[in-house]
Every structure is written in C-alpha cells, then in structure tokens.
Amino acid sequence: MVLSGPRTGSMPQQRRSKPPLRASQARSRSLSGAWIAGVITVVLVCVPLVVLLWSSFTVSKTGLPFGAGSHLSLANYRRVFTDGSLVHPVVNTLVFVVGSLAVGLLISIGIATLIERTTLPFRNVLFALVVAPVAMPQVVAGIAWGLLLDPRVGLINQLLQAIPGVTGPGPLNAGSLGSITVVEGFMLVPFSLLLVAPVVRSTSGALEEAAVVTGAGRRARLTKIVLPLMGPGLLAVLVYQFVTAAQAFDIPAVLGLEKGTKVFSTAIYSALNPAVGVPDYGLANGMSVLLLAFALIPMYWYYRMVGRSERFAVITGKSYRRRPIALKGAAKWAAFVALVGYVFFVVILPLFILLWMSVQPFYATPSISALGRIEFDAYRRVFTVSSFLSTVRNTLVLGVLAATFVCVIATMNSWLLLRRRGFFGKLIDVFAFVTHGIPGVVLGVSLLFLSLTTDSHFHLGLYGSMPLLVLGMVIVCLGLTTRITTAGMGQIHRNLEDAAEMCGAGLFTRLRRITVPLMSPAIANAWVLTFAYALSNLTLTVVLASSRNRVVAVELYTRWNFGDVQTAAALGLLLTAVSVGATVAARRFTSHKEIRHG
Amino acid sequence: MKDVVLSRVEKTYSATSGGDVAAVRGIDLSITAGEFFVLLGASGSGKTTLLRCIAGLESITGGEIRIGSTVVASGSKVVPAVRRNIGMVFQDYAIWPHMTVGENVEFALRHARSGSLKGEAAKKRVREVLDVVGLGDLVNRGATYLSGGQQQRVALARAVVAKPDVLLLDEPLSNLDARLRALMRKELRRITTELGVTAIYVTHDQIEALVMADRIAVMRNGEVLQVGSPQEIYRTPADLFVGEFVGEANMIGGRVAATVPSPAGCDPEQRFVTVQTRLGTLTALASGDVSQGHDVWLLIRPESLHVCHDASAPISPGWNAVTGLVRRADFAGAHTELTVEVDGVELRAQAHAFDAMSVGSPVTLTVGAQWVVALTERAATPQAATTRDATIYAERSH
Numbered sequence: 077m078v079l080s081g082p083r084t085g086s087m088p089q090q091r092r093s094k095p096p097l098r099a100s101q102a103r104s105r106s107l108s109g110a111w112i113a114g115v116i117t118v119v120l121v122c123v124p125l126v127v128l129l130w131s132s133f134t135v136s137k138t139g140l141p142f143g144a145g146s147h148l149s150l151a152n153y154r155r156v157f158t159d160g161s162l163v164h165p166v167v168n169t170l171v172f173v174v175g176s177l178a179v180g181l182l183i184s185i186g187i188a189t190l191i192e193r194t195t196l197p198f199r200n201v202l203f204a205l206v207v208a209p210v211a212m213p214q215v216v217a218g219i220a221w222g223l224l225l226d227p228r229v230g231l232i233n234q235l236l237q238a239i240p241g242v243t244g245p246g247p248l249n250a251g252s253l254g255s256i257t258v259v260e261g262f263m264l265v266p267f268s269l270l271l272v273a274p275v276v277r278s279t280s281g282a283l284e285e286a287a288v289v290t291g292a293g294r295r296a297r298l299t300k301i302v303l304p305l306m307g308p309g310l311l312a313v314l315v316y317q318f319v320t321a322a323q324a325f326d327i328p329a330v331l332g333l334e335k336g337t338k339v340f341s342t343a344i345y346s347a348l349n350p351a352v353g354v355p356d357y358g359l360a361n362g363m364s365v366l367l368l369a370f371a372l373i374p375m376y377w378y379y380r381m382v383g384r385s386e387r388f389a390v391i392t393g394k395s396y397r398r399r400p401i402a403l404k405g406a407a408k409w410a411a412f413v414a415l416v417g418y419v420f421f422v423v424i425l426p427l428f429i430l431l432w433m434s435v436q437p438f439y440a441t442p443s444i445s446a447l448g449r450i451e452f453d454a455y456r457r458v459f460t461v462s463s464f465l466s467t468v469r470n471t472l473v474l475g476v477l478a479a480t481f482v483c484v485i486a487t488m489n490s491w492l493l494l495r496r497r498g499f500f501g502k503l504i505d506v507f508a509f510v511t512h513g514i515p516g517v518v519l520g521v522s523l524l525f526l527s528l529t530t531d532s533h534f535h536l537g538l539y540g541s542m543p544l545l546v547l548g549m550v551i552v553c554l555g556l557t558t559r560i561t562t563a564g565m566g567q568i569h570r571n572l573e574d575a576a577e578m579c580g581a582g583l584f585t586r587l588r589r590i591t592v593p594l595m596s597p598a599i600a601n602a603w604v605l606t607f608a609y610a611l612s613n614l615t616l617t618v619v620l621a622s623s624r625n626r627v628v629a630v631e632l633y634t635r636w637n638f639g640d641v642q643t644a645a646a647l648g649l650l651l652t653a654v655s656v657g658a659t660v661a662a663r664r665f666t667s668h669k670e671i672r673h674g
Numbered sequence: 164m165k166d167v168v169l170s171r172v173e174k175t176y177s178a179t180s181g182g183d184v185a186a187v188r189g190i191d192l193s194i195t196a197g198e199f200f201v202l203l204g205a206s207g208s209g210k211t212t213l214l215r216c217i218a219g220l221e222s223i224t225g226g227e228i229r230i231g232s233t234v235v236a237s238g239s240k241v242v243p244a245v246r247r248n249i250g251m252v253f254q255d256y257a258i259w260p261h262m263t264v265g266e267n268v269e270f271a272l273r274h275a276r277s278g279s280l281k282g283e284a285a286k287k288r289v290r291e292v293l294d295v296v297g298l299g300d301l302v303n304r305g306a307t308y309l310s311g312g313q314q315q316r317v318a319l320a321r322a323v324v325a326k327p328d329v330l331l332l333d334e335p336l337s338n339l340d341a342r343l344r345a346l347m348r349k350e351l352r353r354i355t356t357e358l359g360v361t362a363i364y365v366t367h368d369q370i371e372a373l374v375m376a377d378r379i380a381v382m383r384n385g386e387v388l389q390v391g392s393p394q395e396i397y398r399t400p401a402d403l404f405v406g407e408f409v410g411e412a413n414m415i416g417g418r419v420a421a422t423v424p425s426p427a428g429c430d431p432e433q434r435f436v437t438v439q440t441r442l443g444t445l446t447a448l449a450s451g452d453v454s455q456g457h458d459v460w461l462l463i464r465p466e467s468l469h470v471c472h473d474a475s476a477p478i479s480p481g482w483n484a485v486t487g488l489v490r491r492a493d494f495a496g497a498h499t500e501l502t503v504e505v506d507g508v509e510l511r512a513q514a515h516a517f518d519a520m521s522v523g524s525p526v527t528l529t530v531g532a533q534w535v536v537a538l539t540e541r542a543a544t545p546q547a548a549t550t551r552d553a554t555i556y557a558e559r560s561h
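So the sequences go chain by chain: A and B. Note that the working numbering has the first sequence beginning at 77, numbered continuously upward. Note that the working numbering has the second sequence beginning at 164, numbered continuously upward.
Calculated from the structure, these hints are not laboratory results. Mixed in with the good hints there might be a few duds.
[As the list claims (entries may be wrong)] Pairwise CB distance ranges, derived in the manner of DEER restraints: (1) B:521 with A:567: 53 to 61 Å; (2) B:205 with A:484: 42 to 50 Å; (3) B:184 with A:204: 45 to 53 Å; (4) A:567 with B:240: 31 to 39 Å; (5) A:661 with B:176: 40 to 48 Å; (6) A:661 with B:305: 23 to 31 Å.
[To be verified] Among the chain A residues that face chain B by a calculated CB cut under 7 Å, a handful are: (7) 571; (8) 577; (9) 579; (10) 580; (11) 590.
Quick reminder that beta carbons are idealized off the backbone N, C-alpha and C, glycines included.
Given only the sequences and the hints, what does the whole structure look like? Please build it.
Laid out in structure tokens, this is it:
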C-alpha cells in the first residue's frame with residue numbers, strides 16, 4: 077500500500093516552495109492574448125480624455141490645442157469662469173436637468189404604478205407603446221417637436237390659439253428653455269420606465285404582506301415601507317438619468333441652439349462652430365472638462381452605489397406574486413384615458429406631424445383642404461440629391477464598422493471580466509459602467525483635439541475622417557455593449573469553456589467555437605443596438621463632422637437648420653424606420669435563438 | 164497511461180476582503196498508472212480544487228505536480244491545461260449544446276495534444292469511442308436532445324477519445340437518479356478498465372467511492388486524512404472523521420486498559436487492546452499508535468453486530484457481547500434497522516428483515532474483536548463531536 081497522507085508522507089525533503097503566488101497572477105501568464113482587449117479598452121477611453129485634460133492646461137499662439145508655442149497655462153479656465161457667456165448655460169443646464177428629470181421620472185413612476193400595480197385594461201399594449209420611442213432617433217423627435225411647437229404655425233399652438241383670449245405667436249415656443257426641458261423629459265420616459273417598472277414591481281409583494289400583518293394606515297405604509305423599499309432603486313434610476321440629462325445634446329441642439337437657448341453641451345458645440353468668427357478651442361476645452369466632471373462624478377458614485385455591473389440587470393427581476401389593485405369605475409377610465417392621451421400626444425402626434433410635413437410642399441396646418449396638396453417631392457429629393465448616396469454609404473459604414481469592432485472588444489472584455497477578473501477585469505467593470513458618464517460632446521471635443529494634434533505632428537489625416545468617427549462611436553458604445561455581452565456570457569457556464577480547454581483548444585479556438593456561438597443572441601443584440609445607435613447619433617457625428625464623413629443624422633440636422641423642413645421630415649421618417657426595423661429584427665433574432673437552445 | 168505524483172501541493176485563493184483562503188494544504192499523493200483513484204470528501208474539502216489543479220484549470224500556489232516523467236506544475240513552471248494531455252468529465256457534463264454528439268467528440272480529437280486526427284480517420288475513431296460508451300447510433304443527434312445518462316456518456320467519450328494519459332472525473336454521477344447512478348458506476352469502471360487509463364475520480368458519495376475505487380483518499384479541509392483500499396478505509400479508518408464519513412458507525416468512548424494477544428481466529432500480526440467503556444471491557448483492534456492509557460473511540464459498524472434473542476447462548480472466545488433492550492425497529496426492506504439501548508448508550512444494529520423484533524424485548528449483541536476498531540480522535544473537530552450521541556460524549560468525561 078502506498079500510504080502518503082500529509083502527516084505520514086515520506087517524500088524527500090522538498091526545496092522550500094516559493095512564496096505563494098496570487099492565483100490570478102499565476103494564471104494570467106498563459107493568456108497574453110486576452111488582455112489585449114482590456115488594454116484596447118483602457119487606451120480607447122483614457123487617451124482622448126487625457127489629451128482633453130492636458131490640453132485644457134495649455135494655450136498656444138494659434139489657438140489650436142498643442143499648436144505652435146504651446147505652453148502650460150490656466151488661461152482656459154480663467155476664461156471659462158470670467159467670461160460672462162458661461163453663466164447662461166450653467167443656469168439653463170441646471171433648470172434643464174432638474175426640470176426634465178422631474179417630468180421624465182414622475183411620468184415614468186406614474187405609468188409604472190398604473191401598469192405594474194393595477195388592473196388597467198390593455199396594460200401590456202400601452203407599456204409597449206410608451207417604451208417604443210426608445211428606437212426613435214432623438215434628432216428626429218426634436219424636429220417633430222419643433223414642428224409641433226412652432227410659435228406661428230405649430231399644430232399645438234394653432235390649437236391653443238383657438239381658445240378665446242389666446243393670441244399668436246405662441247403661447248408656446250419651441251426654442252424656449254421650458255419647451256426643451258419638457259421635451260427632454262419625454263425623451264427620458266421610455267428608458268426610465270424600463271428601469272422603474274421592476275423597482276415598482278418588486279415592492280408590491282412585501283407591501284401587501286406588511287399591510288395585512290400590521291394593519292398600518294395608508295400613509296404609514298407609504299412612508300415606512302414603500303419609500304424605504306423603493307428608495308435605493310429609484311435613487312439609482314435618478315442618478316443614471318441625471319447623467320443622461322446632463323449630457324443631452326440632440327433636443328437642445330435641434331430646438332434651442334438657433335433661438336439662442338444654450339445648455340452646457342450645446343454651448344460647447346457653438347464655441348466650436350460659432351455663427352461668425354473662428355472656433356474657440358480654448359473655451360470649448362475648459363467647458364468640456366467641467367461638463368465631464370459634472371457627469372462623470374455622479375456616474376462613479378452611482379457605480380459605487382450599485383456595485384458590480386451585473387447587478388444592473390434589475391430588468392430581469394425576481395418573480396413576485398402580482399396582487400394588483402383593482403381600479404373601479406371612474407378611476408379606471410380616468411387612468412386609461414390619461415395613459416392613452418399620453419401615448420397619443422407623445423408617441424403618435426410627433427410621428428404624424430413628420431409624416432404630414434414630409435408630404436406637404438410648405439408648412440400647413442393639417443386640414444381637409446391641405447390634403448389636396450399631398451405630394452412626394454421630399455422623398456424624391458432625398459433619393460436624388462447628389463450627396464445622398466455618399467451620406468448613406470458613410471452612415472452604413474459607420475454603423476457596420478462601429479458595431480462590429482464594438483462587439484469584438486466587448487466580448488473579449490466580458491471574458492476578462494467574468495473568467496479572469498484580476499486587475500483588468502475590475503477595470504473593465506468600472507469602464508463598462510462609468511463610460512456612460514462621458515458626455516458625447518466631450519468625447520467629440522477630445523477626439524477632435526486628438527485628431528488636430530496627431531495631424532499636425534504626424535499628418536495622419538484623422539481630422540474629419542471616417543475612421544475618427546468610427547473610433548468615437550466605438551468608445552461611446554463600448555460600455556453599454558460590454559454590459560449586454562457580459563449578461564450573455566454570464567449565462568454560459570464556464571465549464572463549457574474549461575471542457576474545451578481540456579480538449580486541447582487554445583483561448584481563441586474556445587471563444588470562436590464554443591463561447592461566441594453560444595452567446596450569439598447577445599452579440600447579435602449588441603450589434604444591432606450599436607448599429608441603430610450609430611445611425612441615430614447626432615452628438616458625435618456633428619462635432620466631428622466634415623464634408624468627408626457626413627452621415628444622415630448630420631444631413632438631417634443641417635437641412636432642419638436651413639429650413640428645408642420637408643426633406644428633414646422625410647429623411648427623419650426613413651431613419652426612424654431603419655432604426656425601428658433593426659431593433660425589431662434584433663428582438664426576433666434573440667427570441668428565435670433562445671427557443672432553439674432551450 | 165501514466166502515473167500522477169503530487170508533492171506538497173498547495174492552493175491558496177487571495178480573498179478580495181483581505182486574508183487568504185487555503186483550499187488545498189500541502190497534499191502528497193502518488194497515483195499509480197492505470198489505477199482508479201477516488202478523492203472522497205464533503206463539499207468544501209478541496210477535492211474539486213485539487214482535481215482542477217491537476218487538470219491545469221487552476222494554478223497551484225505551492226508544491227509540485229508530476230504526470231509521468233513531466234513536471235506539469237511547480238513554483239514557476241506551468242504546463243498549460245491544453246498541453247497536459249488530460250481528459251476531463253465535468254459534474255454538469257459541459258456538453259456543448261450547439262453541436263451534435265459526433266461534433267462534441269470530434270472537437271476533442273481535432274485539438275488533441277497527441278496529434279490531431281482529421282477526415283475519415285477522425286470519423287472512425289469517434290464511432291469507435293461512441294460504440295464503447297454505447298451511443299454509436301446517436302452520432303448525429305443534437306446534444307440538447309439527450310437524457311442525463313446519455314449526456315454523461317458523451318462527456319466520457321469526449322474525454323477519452325484523444326487517448327489521454329489521465330482521465331479526471333468531477334462528480335460525474337451526482338446529477339443522475341439513483342438507479343441510473345448504480346448502473347453507471349459499473350459502466351464507468353468497465354469503460355476505464357477497457358481503455359486502460361489512469362482515472363482520478365472526485366465524489367462526496369462514500370458508496371460510489373467504495374464500489375468503484377482501487378484506492379481512496381479521504382479529504383477534509385484541504386488535507387488528505389487517509390489513503391487506502393476501500394476495505395482498509397471502511398474497516399480500519401485512520402480516525403474518527405474517516406470512520407464516520409465512509410459509513411454508519413456506532414462510536415463508544417473509552418480508555419485503553421492493556422494490550423492483549425490476538426484472539427483465536429484473528430490475524431496474529433494485528434495488535435489488539437482491551438478498552439474500558441461504559442458497556443464494560445471490550446476487546447478491539449488497535450488502530451495506529453493506540454496504546455495503554457489512551458482515550459479512544461471504539462468504532463463498530465451496525466452490520467457487524469450479531470443480534471441474538473437468547474441471552475444464555477455461549478459467546479465465542481475473542482468475541483464481545485453486551486445485552487440491552489430494543490428501542491426502535493425500522494423495517495428497511497432487505498433488513499431491519501434496530502436501535503438497542505445498552506446501559507444508557509444507544510447502539511444501531513441490523514437484524515434479518517423478517518426477524519420478529521418487538522420494541523422493549525431484550526437482545527444480546529455480539530461482535531468479533533477484529534470488527535471493533537479503537538481509534539484516536541486525531542482529526543476530529545468539535546463539530547464532528549457534537550453530531551455524536553450526547554450521552555456517549557458525557558460518558559467519556561467521567
């Protein structure tokens with residue numbers, strides 16, 4: 077018998093083993109290939125921001141970042157704080173953020189309560205309709221609201237002017253701070269609802285039980301149970317959407333910029349693209365750093381609050397027993413009418429006005445007589461304008477390349493995050509989350525400076541190029557995509573990969589043959605969402621725009637600003653159709669694959 | 164077919180909250196070529212971690228692992244899992260759901276360390292191995308359309324198709340129902356013998372270990388407590404924990420009175436002692452270095468107690484006998500489980516299924532001295548002690 081327990085073992089004296097290695101270190105030697113993705117992620121996110129931060133502390137004779145005679149200076153910040161032009165955007169931004177959050181979250185909580193907690197008829201259909209605008213590009217929505225709220229000819233103002241005592245122009249003004257705030261609030265509703273609904277749902281079970289057991293009054297139940305339970309969840313949504321609103325660009329740009337109503341993000345843009353004179357890079361630089369801090373710091377705090385990014389998957393939720401509140405009589409119909417009214421006003425009316433405008437030769441209030449003027453010239457113009465083909469090609473190239481690169485990097489990131497953890501895993505966990513706090517306009521400015529700097533030193537021709545735009549889109553989408561692929565890969569037990577490793581398959585074979593095919597629904601989903609996002613993104617595309625990299629969203633924005641409303645409406649509808657189509661296709665693909673793999 | 168030698172293998176995880184967790188603490192084992200070796204332990208004993216260290220899926224933090232003449236892991240040197248030529252069967256089978264049975268098995272062949280096979284040769288080999296595990300007809304079946312037992316066989320076929328030097332099995336039967344498990348134990352043994360591979364098998368099921376193993380290593384808290392054949396482990400466990408882990412046991416506390424010569428009919432090479440207990444003086448086989456004056460536990464397996472109704476029947480020389488009252492009689496099919504109270508101590512015994520055992524009736528329990536083992540408590544923890552009968556524990560402190 078070979079008896080060799082630890083105590084009785086008769087092994088010859090070993091040389092003393094080295095101090096124990098940390099498990100992750102010892103393992104990481106064999107996977108040099110994998111953390112390339114981690115390095116890429118870190119470089120992609122950090123380099124532009126470092127350039128931005130560094131150049132904010134320099135000035136040069138030419139005014140260009142790192143231009144001739146560049147030296148360290150605080151002049152940019154001094155200008156930001158002494159220049160009177162900053163006061164307006166700061167005040168506007170605060171009103172805009174607080175106001176749109178109040179509108180967006182109150183509507184979301186109200187709708188979530190009606191849908192999750194009551195016996196409202198047609199709940200599921202209404203929920204889908206409220207969430208649907210998530211697939212509508214915000215630049216398009218902005219144009220629609222611009223048409224509806226136009227002080228002279230806007231449909232809503234025309235209707236309001238029918239009230240005795242109300243005279244035009246107005247009373248509402250599309251370009252006012254109030255209008256852009258409320259419209260941005262509407263923009264926040266679909267995603268807020270997706271985040272708030274599980275919070276409301278998870279509270280219901282505990283609430284019912286507590287009510288039964290203690291017999292506490294309605295007010296006590298609300299203050300002692302409901303709010304403390306929902307508090308953390310709602311706070312998380314609040315912080316996340318605060319960051320969204322703080323960096324919002326599309327609505328303020330489409331509605332407010334021409335009318336002189338600026339928030340932080342659009343003030344940066346107009347410093348770079350002034351109506352007259354040369355771009356003021358120094359001012360844009362200093363403001364960008366401030367806006368970055370304004371959005372990034374809450375986002376990091378939010379990350380610390382909710383912990384690991386997997387926990388973000390509140391949307392899955394646990395299955396609680398639903399004990400809906402039975403709505404009766406008048407209350408039921410009042411709630412139903414209110415919800416249908418919201419859907420009509422916020423979801424259907426903007427689409428309708430776009431459709432109407434796209435088939436009218438000039439702005440006309442919808443009427444029977446105007447029906448006779450219906451024509452399709454705008455659509456014909458869209459397809460026959462000489463630059464149309466190159467714009468569409470640029471848009472598709474941007475969407476396809478950005479989505480493909482992002483999916484590759486995100487999949488590798490998820491692998492590092494889930495399978496290896498360690499330093500890069502932790503870093504990617506932070507990045508996957510915190511990148512939401514990098515405002516698009518700030519990233520645009522950073523990449524602009526990066527391209528100006530590299531072009532002046534290495535003559536790469538990055539400025540205004542397609543590759544620069546693709547790079548920017550990759551960075552913008554990396555966080556969200558990594559979360560989607562991480563959720564997908566999290567469903568695949570690591571044993572499936574280990575089994576392939578034991579069969580002798582190297583890392584890339586394992587990913588290619590086992591992991592990627594199994595998580596293909598998640599990757600397809602991430603790909604299509606990135607594609608749709610790249611198509612509808614205005615912020616980055618307009619900041620980095622040049623004649624060489626013009627995309628549909630920029631074309632749309634330009635035509636709107638030039639007053640070519642018909643073509644803008646037609647183009648906007650087409651863009652919306654593609655975006656909605658892609659999103660629906662992603663859903664179909666996902667559910668199809670899920671069924672197949674049981 | 165190669166041997167596997169572990170020398171002072173250690174695996175320590177660095178916990179994020181600070182402080183390290185030792186999963187495997189300095190393990191020495193030598194597993195002979197062609198042997199079916201079982202690592203037996205409760206969950207958390209470090210057996211799966213040890214297996215994954217051998218596989219190369221975990222790095223070791225100290226010591227050395229050798230397979231054949233190759234050192235695959237020691238301090239600075241690590242042979243990655245993909246180059247160790249090891250086959251592995253996972254607890255949940257880890258069958259790739261997007262491939263057919265044939266593709267699952269062929270994958271292993273294509274990436275094999277021992278030279279990959281392709282085309283017709285590969286197809287032939289896949290068929291061959293699937294025939295061995297009895298799935299020859301299911302080559303083109305999608306992997307998700309298999310029962311648990313079939314998935315288990317695919318996992319096995321995949322693990323052995325490339326003729327690995329060592330086969331590792333991580334609780335491969337724990338997800339099967341009881342009947343299928345019993346069948347697969349024999350099947351697994353047949354297949355590994357047929358393939359002539361060194362097998363290391365992890366389980367928490369002591370029956371599985373006893374039925375299948377050539378040798379067993381019992382593990383607890385990252386340490387090996389005893390290595391031996393199933394018979395050795397069961398009959399002469401090294402300590403209290405092993406004794407209780409591998410099967411049902413009566414434990415009686417006592418103190419060694421004297422060393423005595425082997426009783427008639429017992430192995431004269433073995434050492435016997437008399438032990439003072441609450442039930443009187445009993446003769447027992449001495450385990451390890453047990454000697455006069457030591458506090459010991461006497462281990463008696465319920466099935467080795469003979470049950471007599473006749474108190475006046477003669478007692479064979481070298482046998483122990485105690486008399487008590489039947490407290491419970493539970494019919495269990497093949498036998499009846501008895502609980503007999505002897506001087507305030509409850510002993511479990513087995514009677515023939517159809518013996519009429521009435522609760523309250525007196526019985527005599529006899530047992531040969533070689534079936535009573537005197538153990539030290541060496542590796543027992545307070546937790547293990549509290550699971551024992553409190554009255555016995557109290558008796559010991561007198």
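Range agreement (Cβ of residue 484 of chain A with Cβ of residue 205 of chain B, hint 42 to 50 Å): Roughly 43 Å apart at Cβ, these two residues keep to the hinted range, so it holds.
Agreement of hint residue 590 of chain A with chain B interface, Cβ distance less than 7 Å: Residue 590 of chain A check passes; min Cβ-Cβ to chain B is 6 Å, inside 7 Å.
Hint check: 7 Å Cβ-Cβ cutoff, residue 579 of chain A to chain B: holds (4 Å)
Whether the CB-CB distance between residue 184 of chain B and residue 204 of chain A falls inside 45 to 53 Å: holds (48 Å)
Agreement of hint residue 580 of chain A with chain B interface, Cβ distance less than 7 Å: Holds, about 4 Å.
Consistency of beta-carbon spacing, residue 567 of chain A to residue 521 of chain B, with hint 53 to 61 Å: With Cβ atoms ~59 Å apart, the hint holds.
Range hint 23 to 31 Å (beta carbons of residue 661 of chain A and residue 305 of chain B) holds or violated: With Cβ atoms ~26 Å apart, the hint holds.
Minimum beta-carbon distance criterion (7 Å), residue 577 of chain A to chain B: Hint holds; residue 577 of chain A Cβ to chain B Cβ min 5 Å, cut 7 Å.
Cβ distance range 40 to 48 Å for residue 661 of chain A and residue 176 of chain B, holds or violated: holds (44 Å)
Status of the given 31 to 39 Å range, CB of residue 240 of chain B versus CB of residue 567 of chain A: holds (36 Å)
Given hint residue 571 of chain A near chain B, where the shortest CB pair must fall under 7 Å: holds (4 Å)
In this structure, every one of the numbered hints holds.
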